[in-house]
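Protein chains: 4
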Amino acid sequence: MAGNTIGQLFRVTTFGESHGIALGCIIDGCPPGLSLTEKDMQHDLDRRRPGTSKYTTQRREADEVKILSGVFEGQTTGTSIGLLIENTDQRSKDYSNIQDLFRPGHADYTYHQKYGVRDYRGGGRSSARETAMRVAAGAVAKKYLKQIHGIEVRAYLSQMGAVKIDKVDWEQIEQNAFFCPDADKVDAFDELIRKLKKEGDSIGAKLTVVASNVPVGLGEPVFDRLDADVAHSLMSINAVKGVEIGDGFEVIEQRGSQHRDEMTLDGFKTNHAGGILGGISSGQNIVAHIALKPTSSITVPGETITSKGESAEVITKGRHDPCVGIRAVPIAEAMLAITLMDHLLRHRGQNADVVTTTPKI
Amino acid sequence: MAGNTIGQLFRVTTFGESHGIALGCIIDGCPPGLSLTEKDMQHDLDRRRPGTSKYTTQRREADEVKILSGVFEGQTTGTSIGLLIENTDQRSKDYSNIQDLFRPGHADYTYHQKYGVRDYRGGGRSSARETAMRVAAGAVAKKYLKQIHGIEVRAYLSQMGAVKIDKVDWEQIEQNAFFCPDADKVDAFDELIRKLKKEGDSIGAKLTVVASNVPVGLGEPVFDRLDADVAHSLMSINAVKGVEIGDGFEVIEQRGSQHRDEMTLDGFKTNHAGGILGGISSGQNIVAHIALKPTSSITVPGETITSKGESAEVITKGRHDPCVGIRAVPIAEAMLAITLMDHLLRHRGQNADVVTTTPKI
Amino acid sequence: MAGNTIGQLFRVTTFGESHGIALGCIIDGCPPGLSLTEKDMQHDLDRRRPGTSKYTTQRREADEVKILSGVFEGQTTGTSIGLLIENTDQRSKDYSNIQDLFRPGHADYTYHQKYGVRDYRGGGRSSARETAMRVAAGAVAKKYLKQIHGIEVRAYLSQMGAVKIDKVDWEQIEQNAFFCPDADKVDAFDELIRKLKKEGDSIGAKLTVVASNVPVGLGEPVFDRLDADVAHSLMSINAVKGVEIGDGFEVIEQRGSQHRDEMTLDGFKTNHAGGILGGISSGQNIVAHIALKPTSSITVPGETITSKGESAEVITKGRHDPCVGIRAVPIAEAMLAITLMDHLLRHRGQNADVVTTTPKI
Amino acid sequence: MAGNTIGQLFRVTTFGESHGIALGCIIDGCPPGLSLTEKDMQHDLDRRRPGTSKYTTQRREADEVKILSGVFEGQTTGTSIGLLIENTDQRSKDYSNIQDLFRPGHADYTYHQKYGVRDYRGGGRSSARETAMRVAAGAVAKKYLKQIHGIEVRAYLSQMGAVKIDKVDWEQIEQNAFFCPDADKVDAFDELIRKLKKEGDSIGAKLTVVASNVPVGLGEPVFDRLDADVAHSLMSINAVKGVEIGDGFEVIEQRGSQHRDEMTLDGFKTNHAGGILGGISSGQNIVAHIALKPTSSITVPGETITSKGESAEVITKGRHDPCVGIRAVPIAEAMLAITLMDHLLRHRGQNADVVTTTPKI
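Residue numbers (UniProt numbering), protein chains in the order written: chain A, 1 to 361; chain B, 1 to 361; chain C, 1 to 361; chain D, 1 to 361.
Check the hints yourself; a few may be wrong.
Note that identical chains are pooled: a pair holds if it fits in a single copy or bridges any two copies.
To be verified - Pairs of lysine-lysine residues, derived as DSBU-like cross-links and limited to a Cα-Cα distance of at most 35 Å, are as follows:
1) K317 - K269
2) K167 - K146
3) K39 - K197
4) K167 - K143
5) K308 - K39
6) K308 - K146
7) K146 - K197
8) K198 - K164
9) K164 - K308
10) K66 - K195
11) K197 - K167
12) K143 - K269
13) K143 - K308
14) K360 - K146
15) K39 - K66
16) K195 - K269
17) K143 - K360
18) K198 - K66
19) K143 - K66
20) K317 - K143
21) K360 - K308
If you're looking for bench data, these hints aren't it; they were derived computationally from the structure.
None of the values given here were measured: they were computed from a predicted structure.
Next comes chain A alone, as it looks inside the complex (with noise of 0.2 Å):
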C-alpha cells in the first residue's frame, strides 16, 4: 500500500536509491517450474543500461542482476524470488551543492515536502535508475508468457521532438541504439540527439508496446479492467506523461461507425480497440503509446528555491540523457508484462472452471 508493490497474484515489490549501496526487488506469485537464470534477465537490463550507446547517459553501471531465493536448480520453486543489482558506480562526490536545491521537473520539492528527509544524491529513490529493477521483474514475466503461453511483448520508439516513425520493421528495433523500427529515421534521431546535446537540453519521446498472441479474457471489470491496469502500469513508468490504449486520442474525432472493430468469422476487420474491450482483452494485440517528457536534467540555465526558502539559479550537470524515453523501451515491454501476467494468474483464478463452446476468432 506504501506504493512499491506493483502486481495480485504476480507480485513485484522494489527497494533502492540512486547512489545507494543496491537496488532490489522481490517477485512473489512466479509459477512453479519455469527454467530461470540470471542470463534470462541479463538481456533486457542491458538493453536498458546506462552507458552502453553514445546516445545515453555515461554512468557506468554493470547491472549485474543476482538471484538471491526463489529458483532451485534452474527452475523456479512458487516461492519468492529475490533479486539484487548493486550499485557500482555511484561515485561518491559532493553533493552538497544540490542538497538544499530543488530542481524543477524533478521530484524534489515533493519528497522534501512529504518525507521531510530526503535522500537528495541523484534523485534518491525517485531517480529513473529504479527501473532496473523493473526490468529485471519484467523479464521474467516475459519469459513465463512467452514460454507457456506463447505471448510476446515488444516495445519501440515511434516519435522523438516532431521525428515520427513512418513503417514498423520489427527486425530493425535491435539493430539502432534508438530501438527505432523504422531505419530511414535513424539518422534524424541522431541529429536531433546531437543538437540537443550541444545545446545542453532534452525533448521528449513516444513509445509504442504491443503483446501479441494474448488469449481473450484477461481482465477484470469494473475498475481493474486491463487497459486501467496497463494505464496504471505504464503511468507509473519515470517521466510518463500521457497512455492511450489503441486509437487513444484520436477518438476524440472518430465516429462509431468508424471506430467499432467489426467482426467477421475470420476475426476483427480492424484493431482501433487496441485489442481490449469491456477492460478484457479481446484476443487482438494489445497496444498502448505512451509519451514522456523531455527531462529537466539539462545545463540550461533555470530558476528554482531551496529548502532553505531561498531563490536559486539551476545547472544540471552529469551523466544525463537528451532522450529519457530511449532507454524506456525495455521498461515499458517489462511493465505491461508484468501486468498482462498478473491478470493470466487472476483470469484462471477465479475461471479455470470454464467451458465454452464458442469459437474463438
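With chain A held as given, fit chains B, C and D onto it using these hints.
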C-alpha cells in the same frame, strides 16, 4: 482482487447490472464525523442521470440513492457505508435478438469468452449504468475533500469531434447540457449532436478534470504514484481510451528547458506537469485529460458474429447517447476525487509525524 | 483495508448495523457458472437466525436474503454478487438510556474512542447481527466447494461451560438446537442454559470446525499460510478469544515423536496437525477449534462509566443469548469455507501449470 | 497475495531459503524521520540467532543484517527499506538422502504436491530460518512504537512441556537462555532440555506476548479486528498451532458476569479480554498466548514415504532445537509489533480528524 474494488484506505466496491434489480456499493474507510445525507450524492447523480437532457439517452431512471448503513444521526460513523439505487426502468423487453449476438465495440464477446455466461440485457455488468455508483461514492469523497481540506474537483467537456473549446469559464459549465465551459461552443456542440442523431452515428469526446487546492505530498513512490493511480481510475471509466496528466502527449515535442516548471518564491511559473512531480502532488492544480471513444450503440449497420459461430448484422436501437463523453463529466470528477481521497488518507497514515519548516509555495 | 473485506480472490465485503435499514454484502470473484438461488443461502441463514429456538435471542428477523446482481438465469456470471437482508425487527425503542453508557465487555468504549461517534443502537456495527452476511457469503463458498470440488465444511458445539461432548455423531448435529454431535449431552446443555437464564448470566463455548475432502496444496508461504488465514477468519467472529489448529494448545506437552503425523502409503497415521503442514493443506481433514466468550449482555448488574466521564451501573435487558457460541456454528462454517475458497482460487492462479506424478496419499 | 507479504500500510515482504545465498526483506511504508541503524535490528537478531546457547541448534550464522536502502544519514526516508542477511553456514553437504524423502511433520510433502518442485535443502523456504527477516523488520516496528508512541512489545516462555511458570518478573527474561520470567523454573527447563537431547526427542512450548501502553482505538471492524490480525500474524510463525487473546480458551467455562471487564473512572478492573474489545484496542495491555508444536526434526525413527511412492524410515540428524519455542520469543514480539504498527498507521489514516472530549481510562 476480482476488480470491483478501487482504493486502499478509501475503498469503493460496487455491484449491479444494467437491467438487474439494483446497483449498490460499499464505501469502506470513510473518516467518521462527516455530515452526510442522500442529498449530498443526489446532485451529482442527477448530473450523470440519463434522460435529463435531449442530448443523452432517454432511459428514465430516478437514480435515487439510499444510504443503508455507516451514517448515524446525519454523520458518518467510520464504518462501512452501504448505498443502493434500485433500477426502476429496466423495461423487461425481449432481448432474445441480441442474446447470441456479439455487438462490435462492446464487451459482449470478451465477457462471453471470459466467463462462459453473461447477462446480455443491456450489457449487464459492462454497461455504463454501473458508473452511477462511482458518482455516488465520488460525491462522498468530494464532500470530504471540500469540507475538511478545501480541495475542489471539477471537470468539463473540452472537445467533441473536431469542435474544441477555446476558453474555460467555470461559471458556464453548469449552464448548458454539455458541461461546456465555453459558451461560444454550445451551439456547435448542439448542431453536432443533432447531426449525429439524424445519421444514427456517434462521436468521441475529450474531458478535462481539475483538482484545485490539493496539498503537496499526495502519492506514493514508485508504482502508486498519484499520476499512475489517476490514470488507473480514469482509464477504468467505460469508453476511455487515453489519459494525459498536464501537457500529456504534447510533451513529446517539448524541450526540457520549456517543460520543466521553474520555481520561484511566489510559486511555480507554469504547470506543464499537471500538478504532479515524481508521482507526488506539488500543490499546483492536478490537471488530467481523457479521451472517450464514440459509442458503438448506433443504428448504422455493422458486421459481426454470434456465439454460435455465425455471421450477423447488427443495429443497436434503443435509448443511446450520440456522445457518451458528455455524461462522463461527473464520473471523471468522481474518479479523481476517490483517488485523491484515498491518497490523502494513505499519506497521513504514513507521514502524520512529519514536521517540516520548509515553506510550501 | 478499512477492515470490512475478507479474502483476496474470493472477496467478501459487508455493511450494516444491528438496527439500521439493512445488512448487505458484495461477493467479488465468485467463479461463473455456479447455479445459485436465495434458497442456497437461506438454509444456513435460518440456522444462524435469532428467534428460532428457545435457547437463543428472541429477536424476530426473517433474515430473508435477496440476490441483487451477479446471478443471471440462475447461474453466477463471474461479476460481483450483491446480497441484501432488510432489518425488519429493529424495534425503534428508546435507546437514550444506553446512549452514553459504555457497556463492559462490549465495543462501546473502543468504538467511541476510535471514531468519536457511534451508532449505539444495539451495538451498531459491532453487533453479531453483522454475521448474517458472513453466513450468506459462506453459503456460496460452501456450495461451490461442495459441488465443484467435493469439499464439505461442517461445525459443531464441542463444549459449553464445563460440559464437554464425548463423541461426534455427524447425524446428530442438526437434530438438536445446540448443534451438538453427542445426543447424550443435549440434556446437560439444556439444563445449563435454563440455569443461566434464571440467573441472568451467560457462559462461554467451544466449537469445532472441520473441512473434509480438502485437496493437498492450499495455503501460501509464509505469511498467508492456510492456518494463519483460518486463524484470522475465525478470530474475526464476534466473541472468539482463541483458535486452535489440530491439537492446538495440547501440543505444548507433546513430544515430537508423538505429534508428528507419520506417513504410510495408505495415508497419514494420525492427524495431530489438523490437516495443515508448513501452512499448506495436507489432504487430511482441516480441523480447528475456537473459544467463544460469554456474552456481556446479561442482567447481573455491573460497574461501568459513561462517555461523560461518570460512574454508572449497567444491566443489559433485552433479547440475548445466554450462550452466543451456539449460533456461531454456521458462522464458523462460513468463515472456514470463505477462507478455503479463497485459497483454492489463489492456488490455481499460481499453480495451474503444475503436473506432478508423485502419488497423493 | 502470494503470501510473502504481511501488513497493509506497514508492509513487510520477505524472501530466502534455509540454504540459499541470502535472506532479505523489504519494509514498505515505514514513517520517515526514524533514526535507524543495523544495530537497532541486531540485538533482536542475536536473541533469535541459532548457536547462541547450548539449548538451541548449533548452526552458526552471524545473522548480520545490512540496510541497503530507505535510510539516509541515519534516518528513514519513507521509501522502501531493503534488508539483507547473507547465509554463511549453509554447509553444502550432501542432501541426496532426503531429496526424495517426505519428513513427517514437515512441509516436504505439501510443498512438493503444491509446486511440483521444492528446495529440499534444510526445508528451503519452509525453514524457520525465514523468521530472521521477521525479527529484523519487527525491530524497526518495535523501535518506532517505543520511540514515537511509548508502546513496548515483549514476550516470554510461559510453559515448556508440563513445566509452567508461576510468576512474571520482566527483569528475569533476558537473564537466562529460555526467556523465562520465573527464575525458579530455569533449572526445570534446563533439565527437560537435557533429557530430550539425550532421548533425541523434542517438546512443545507456550509463549506469552504482551504489548503495553497501546492507545485505545487500534483495529478495524469487522474482519480486520486487531485480534484477528494478531491471530493471523502469530499463527503464521512456524510451528504455532494455537493463539489465544486474553483469557483465550479459559473463557469457555467463564460466566459473563466474571469475564466482562468492568470499568471505573480509574480504569478497567480486570483484563480478561487481553486489551481488545470488539476488535479494537481498549488501552489495556494486549496479551496473547501461543502454542508451539514440538519439532519433528528428531532422531527417534519414524515412518514415512518418498516422492517416488515408497515407504521409508526417517531420522533427522543435524543441528536442531529440542524446543523450537524458545527462539520463537523474539519472533512473537516481532510479529505483534508489525501488526500493531500497521494498525497504528491505518487508524490514523482514517481517523486523524477525530477529536473526542471523552476521557480515556
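Taking the hints in turn, this is what the structure says about them:
| no. | hint | result |
| --- | --- | --- |
| 1 | K317 - K269 | between (51 Å within a copy, 23 Å between copies) |
| 2 | K167 - K146 | within (25 Å within a copy, 49 Å between copies) |
| 3 | K39 - K197 | within (33 Å within a copy, 46 Å between copies) |
| 4 | K167 - K143 | within (27 Å within a copy, 50 Å between copies) |
| 5 | K308 - K39 | between (47 Å within a copy, 32 Å between copies) |
| 6 | K308 - K146 | between (52 Å within a copy, 31 Å between copies) |
| 7 | K146 - K197 | neither (38 Å within a copy, 46 Å between copies) |
| 8 | K198 - K164 | within (22 Å within a copy, 38 Å between copies) |
| 9 | K164 - K308 | neither (43 Å within a copy, 43 Å between copies) |
| 10 | K66 - K195 | neither (38 Å within a copy, 45 Å between copies) |
| 11 | K197 - K167 | within (27 Å within a copy, 37 Å between copies) |
| 12 | K143 - K269 | within (30 Å within a copy, 42 Å between copies) |
| 13 | K143 - K308 | between (49 Å within a copy, 30 Å between copies) |
| 14 | K360 - K146 | both (20 Å within a copy, 31 Å between copies) |
| 15 | K39 - K66 | both (10 Å within a copy, 26 Å between copies) |
| 16 | K195 - K269 | between (43 Å within a copy, 27 Å between copies) |
| 17 | K143 - K360 | both (25 Å within a copy, 30 Å between copies) |
| 18 | K198 - K66 | neither (38 Å within a copy, 43 Å between copies) |
| 19 | K143 - K66 | both (17 Å within a copy, 31 Å between copies) |
| 20 | K317 - K143 | neither (38 Å within a copy, 40 Å between copies) |
| 21 | K360 - K308 | between (63 Å within a copy, 11 Å between copies) |
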